[in-house]
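Chain by chain, the residues:
There are 2 protein chains.
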Amino acid sequence: MQHINSSQLQVMSNRYRAQLVNSLSGFKSANLIGTIDNQQQTNLAIFSSVAHLGSSPALLGFIMRPDSVERHTLENIKATKQYTINQVNQQIWQSAHQTSARYLKNECEFEKTGLTTEFIEGVGAPFVKESQLKYLLTLQEIVPIKANNTSFVIGEITDILCQQSAIKKDGYIDIESLNTVALSGLDSYHTTQRLSRLSYAKTETAAKAISIDGNGSE
Amino acid sequence: MQHINSSQLQVMSNRYRAQLVNSLSGFKSANLIGTIDNQQQTNLAIFSSVAHLGSSPALLGFIMRPDSVERHTLENIKATKQYTINQVNQQIWQSAHQTSARYLKNECEFEKTGLTTEFIEGVGAPFVKESQLKYLLTLQEIVPIKANNTSFVIGEITDILCQQSAIKKDGYIDIESLNTVALSGLDSYHTTQRLSRLSYAKTETAAKAISIDGNGSE
Chain L
20 MQHINSSQLQ
30 VMSNRYRAQL
40 VNSLSGFKSA
50 NLIGTIDNQQ
60 QTNLAIFSSV
70 AHLGSSPALL
80 GFIMRPDSVE
90 RHTLENIKAT
100 KQYTINQVNQ
110 QIWQSAHQTS
120 ARYLKNECEF
130 EKTGLTTEFI
140 EGVGAPFVKE
150 SQLKYLLTLQ
160 EIVPIKANNT
170 SFVIGEITDI
180 LCQQSAIKKD
190 GYIDIESLNT
200 VALSGLDSYH
210 TTQRLSRLSY
220 AKTETAAKAI
230 SIDGNGSE
Chain G
20 MQHINSSQLQ
30 VMSNRYRAQL
40 VNSLSGFKSA
50 NLIGTIDNQQ
60 QTNLAIFSSV
70 AHLGSSPALL
80 GFIMRPDSVE
90 RHTLENIKAT
100 KQYTINQVNQ
110 QIWQSAHQTS
120 ARYLKNECEF
130 EKTGLTTEFI
140 EGVGAPFVKE
150 SQLKYLLTLQ
160 EIVPIKANNT
170 SFVIGEITDI
180 LCQQSAIKKD
190 GYIDIESLNT
200 VALSGLDSYH
210 TTQRLSRLSY
220 AKTETAAKAI
230 SIDGNGSE
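So the sequence lines, in the order shown, correspond to chains L and G.
Residue numbering for the first sequence follows our numbering, starting at 20 and increasing by one per position.
Residue numbering for the second sequence follows our numbering, starting at 20 and increasing by one per position.
Derived by calculation from the structure, the hints in this document are not laboratory data.
Accuracy of the hints is not assured; some may be wrong.
Lysine to aspartate or glutamate pairs mimicking EDC-like chemistry, simulated, CA-CA at most 16 angstroms apart [said to hold, decoys possible]:
(1) L:Lys221 / G:Glu175
(2) L:Lys165 / G:Glu223
(3) L:Lys131 / G:Glu175
(4) G:Lys221 / L:Glu223
(5) G:Lys131 / L:Glu223
(6) L:Lys165 / G:Glu160
(7) G:Lys124 / G:Glu94
Only part of the chain G face toward chain L is listed, based on derived beta-carbon distances under 8 angstroms [as the list claims (entries may be wrong)]:
(8) Ile23
(9) Asn24
(10) Val30
(11) Ala37
(12) Phe46
(13) Ala70
(14) Leu79
(15) Gln106
(16) Ser119
(17) Gly141
(18) Val142
(19) Cys181
(20) Ile186
(21) Ile192
(22) Ile194
(23) Glu195
Even glycine gets a Cβ: it sits at the ideal position worked out from N, Cα and C.
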């Protein structure tokens, strides 16, 4: 086991430390956030920090860096209060990564990366047609993080679009069947293979494997 | 494509909605957070919401639910200002899941689930011996999330313990080689298979595959 202490962390090159520290949290979600501005210019950017906050109401948050290339995303969310989150899958992971290039405000990441816009009635924010699980959010709160000047952007989910076959009878969505990818570090993409679902853990007995449909959970 | 709207979301049973909404964010990290109280009672709990906040300083955050069984974790962090985060791997995923059972404050999750404490000099908070990548944090800030009464707990990383062979020459840690698992929904565990690392995305050229060591990135 290598032990890296605080002094060693501080003297690393910025690039090395960024790779190292970005690897610590474990596997991350890969999501494309779609927005539109008041001039109807669409924007799309990849985020690895989308996190579940609660299911009733259905809330998700993501981290926005102050110096980020994805700042167009935040400007658009502030202007329109709406955005889409689209799971990245094995068909589009390279295009999704490419959205992190520093395209200008008037350049469209959809066109530049070969992804396709998709719209639902009455909503300006674009979905990614190639994504098999995507949803619309309304901005709830932007929480400033004093520790490093980032923001935690919180939205409520209002509409979900998903391949019907992936939704199991207890509500679990088999995102592996949708070929959703996971991220590690800054730039590594991974497919997955299920070990198992496990039953709700109780103190008296060890949790056991349950079926993908949730059978065996009680 | 199934379209689930806001009204449908609201009338679902709580259990179904919890499974559904927990599946939306994509793959999640699986981490065990280790703490100790002022009476030297250790505590261990699994979290799926650990997220990268920044690398300089090295900051991570995680979501704490108000009604959570892991509330002992927050009490201990407030009391001692320190905690460990330990990546869950293929050897310990079932024990890790079992820590989510509602053990009493005076029951030790390490003992109950068969995991082993490991300590470093001068630090009270326990590491998980079986974890191949783990680190120590000092509490920086607890940010209240008004939208649903959760908290975003932010800490700075001071010490990292990692299998040396997994740290690549540009700082990237090959967490797949450590058999780190990913989570989906509330209870599904997954191993991974790397598609590739990709080069830093630039506007002029498409990002390309790079080696696991980062070769080919420039």
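Hints, verified against the model:
1. L:Lys221 / G:Glu175: 32 angstroms, violated
2. L:Lys165 / G:Glu223: 35 angstroms, violated
3. L:Lys131 / G:Glu175: Violated. Lys131 of chain L to Glu175 of chain G sits at ~37 angstroms, over the 16 angstroms cutoff.
4. G:Lys221 / L:Glu223: 54 angstroms, violated
5. G:Lys131 / L:Glu223: Status holds; Cα separation ~10 angstroms.
6. L:Lys165 / G:Glu160: 8 angstroms, holds
7. G:Lys124 / G:Glu94: It holds: about 11 angstroms lies between the C-alpha atoms, which stays within 16 angstroms.
8. Ile23: With Cβ-Cβ at 4 angstroms, under 8 angstroms, it holds.
9. Asn24: Holds - the Cβ of Asn24 of chain G comes within 8 angstroms of chain L, reaching about 5 angstroms at its closest.
10. Val30: 11 angstroms, violated
11. Ala37: 4 angstroms, holds
12. Phe46: OK, holds: Phe46 of chain G within 8 angstroms of chain L, min 4 angstroms.
13. Ala70: Holds: closest Cβ of chain L sits about 5 angstroms from Ala70 of chain G, inside 8 angstroms.
14. Leu79: 6 angstroms, holds
15. Gln106: For Gln106 of chain G, the interface hint holds, since the closest Cβ of chain L sits about 5 angstroms away, which is under 8 angstroms.
16. Ser119: Hint holds; Ser119 of chain G Cβ to chain L Cβ min 5 angstroms, cut 8 angstroms.
17. Gly141: 11 angstroms, violated
18. Val142: 11 angstroms, violated
19. Cys181: This hint holds: Cys181 of chain G lies near chain L, its Cβ roughly 5 angstroms from the closest one there, short of 8 angstroms.
20. Ile186: 7 angstroms, holds
21. Ile192: 4 angstroms, holds
22. Ile194: Nearest chain L Cβ about 5 angstroms off; hint holds.
23. Glu195: 7 angstroms, holds
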